[in-house]
Amino acid sequence: MDRWLHVLLLSAVASAGVVASPGARAADPLGAPGETPQVVEPRVERRDVTPAVIDTENFEAGAFIGTISIEDFGSSVVYGGRIAYHFTEDVYAEATVGTAKAGKTSYEDLSGSAQLLTDSERQFTYYDLAVGWNALPGEVFLGGKRAMPSAVYFSLGAGSTRFAGDDHFTVALGAGLRLLVTDWLAAHLDVRDHAFESDLLGDNKLTQNLNFTLGVTAFF
Amino acid sequence: MRSYLLATCLVLGTLAAAVAHAGSVAQVVVRDPFLDLHAGPGRGYPVTQTVDRGATVDLLRQRTDWIKVRTARGLEGWVHRNQLAGTLTPQGDEVRLAGPSPEARTAHRWEIGLGTGDFGGQSVVSVTGSYSLTESLVARADVAQLLGNASNGWLGTAGLAHVFMPQWRVSPFVGLGAGIVRIEPKATLVQPEDRTDSAAYAGIGLRGYLTNRFLLQAEYREFVIFTSRDDNEEIDEWTAGFTYYF
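In order, the protein sequence lines correspond to chains L and E.
FYI, this note's numbering numbers position 113 of the first sequence as 113, with every residue one higher than the one before it.
FYI, this note's numbering numbers position 97 of the second sequence as 97, with every residue one higher than the one before it.
Just so you know, these hints were derived from the structure itself, not from any lab.
Errors might be hidden in some of the hints.
[Said to hold, decoys possible] Okay, the calculated beta carbon distance ranges per label pair: (1) E:121 to L:108: 42 to 48 angstroms; (2) E:150 to L:120: 19 to 25 angstroms; (3) L:214 to E:206: 49 to 55 angstroms; (4) E:216 to L:107: 32 to 38 angstroms; (5) E:216 to L:74: 25 to 31 angstroms; (6) E:137 to L:141: 26 to 32 angstroms.
[As the list claims (entries may be wrong)] Simulated coverage check for chain E against chain L, where a stretch passes if three residues somewhere in it have a Cβ under 8 angstroms from a Cβ of chain L: (7) 207-216; (8) 219-230.
Every residue gets a Cβ at the ideal spot worked out from N, C-alpha and C, and that includes glycine.
Model the full structure from these sequences, guided by the hints.
Written as structure tokens, this is what we have:
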């Protein structure tokens, strides 16, 4: 019964729309002439949209310290900082800076007095801009009660290394383990190779400078 | 000295971040049949709990697409944004969570990109920022470090690009711009003085959407360097990079 009434009303509205003239309005079967009847009761409730009040923590910044093996110049302590932005759960971009003081080549050690580089030229400073991939998410268990989310990541970047008074284009290839100690604090174990071409010892060659670092970062 | 300053900044930054983490809490009522609580902010982390429809959860923090929630019983876990899209506030309003939508592909304004390539034989490391003036017209600026065997330098440009088919998955674009090039020849060569010149470029490239947030971009630009010598210098630049949009 209701349905039939609806059909009737709708067709009345449709014809009123088609013959939109005062005459048609006056011939409306419902209500007194001059009154506009409410044909359909609107049942759509207006909904408000509230933005959620949450901290979005996609930035990660921190410091690291470790050891770097500078090709031909021994191993040294390296330290620096990194800032990353996590685009998705899988991909992030990262800027890293680091510095170390290179040691002596074996030639310098054996000859006794010959110095290939001045003190300031031994400063090994690099930056790289990298894209990283959180490849292997997982959990690390500490004893029987604690589990920390972890991720093994790989990164590929390009940057520059200042060493021996010269800037070198550097490709940085790395992998690491990120451990979420708390929701906002992460520990990193990172291995990275900084490869650049150098003609410091005669021939132009691709030098590999591997570093191994431990770091702490905070998400914000 | 500079490195100590840097280290201090980093430590302060970390501390500031640590203080700022104490976030605000919002409450929502679950409308989906259930919520999966993961152990970490990613789909690869195991589901440790579920929360039924009608339950109230606190929103604690968001990382990329994942939101950490706490249930009334005090259980915590990470939920994907999509599962929370249907939740309501206790007052019955819809909740909007931060994050991009598929429409952002043509509607977004800001982009940031990292790139690398070759600038007339020198390697390039560049950072680019751009702002969409219209769907297809983009204003952009970039800073690049140039690293070569005979010289190093810097390049900074600003310009406009026209994207032909912004709604396509892969679209060609053309660009025009001007900037400054600084070339520092290495000391072992005959003319060691540094030069700073203005430059202009015309370029052509391709950009393709990798996902809803990423673009891969490759570009060829021909630079004319307005040198102080008799002849202008022409340099070809090839770059490829990775762009994120907000």
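Checked hints:
1. Distance hint check for residue 121 of chain E and residue 108 of chain L: the Cβ-Cβ separation is about 33 angstroms, which falls outside the suggested range of 42 to 48 angstroms.
2. A hinted range of 19 to 25 angstroms for the beta carbons of residue 150 of chain E and residue 120 of chain L is consistent with their spacing of about 23 angstroms.
3. In this structure, residue 214 of chain L and residue 206 of chain E break the distance hint of 49 to 55 angstroms, their C-beta atoms being roughly 41 angstroms apart.
4. Between residue 216 of chain E and residue 107 of chain L the beta carbon distance is about 45 angstroms. The supplied range of 32 to 38 angstroms is therefore violated.
5. A hinted range of 25 to 31 angstroms for the beta carbons of residue 216 of chain E and residue 74 of chain L is inconsistent with their spacing of about 40 angstroms.
6. Checked against the hint of 26 to 32 angstroms, the C-beta distance between residue 137 of chain E and residue 141 of chain L comes to roughly 54 angstroms, which is inconsistent with it.
7. Note: the region 207-216 of chain E has 3 residues with beta-carbon separation from chain L under 8 angstroms; the three-residue rule is met and the coverage holds.
8. Residues of the region 219-230 of chain E lying with their CB closer than 8 angstroms to a CB of chain L number 0, which falls below the three-residue condition for coverage.
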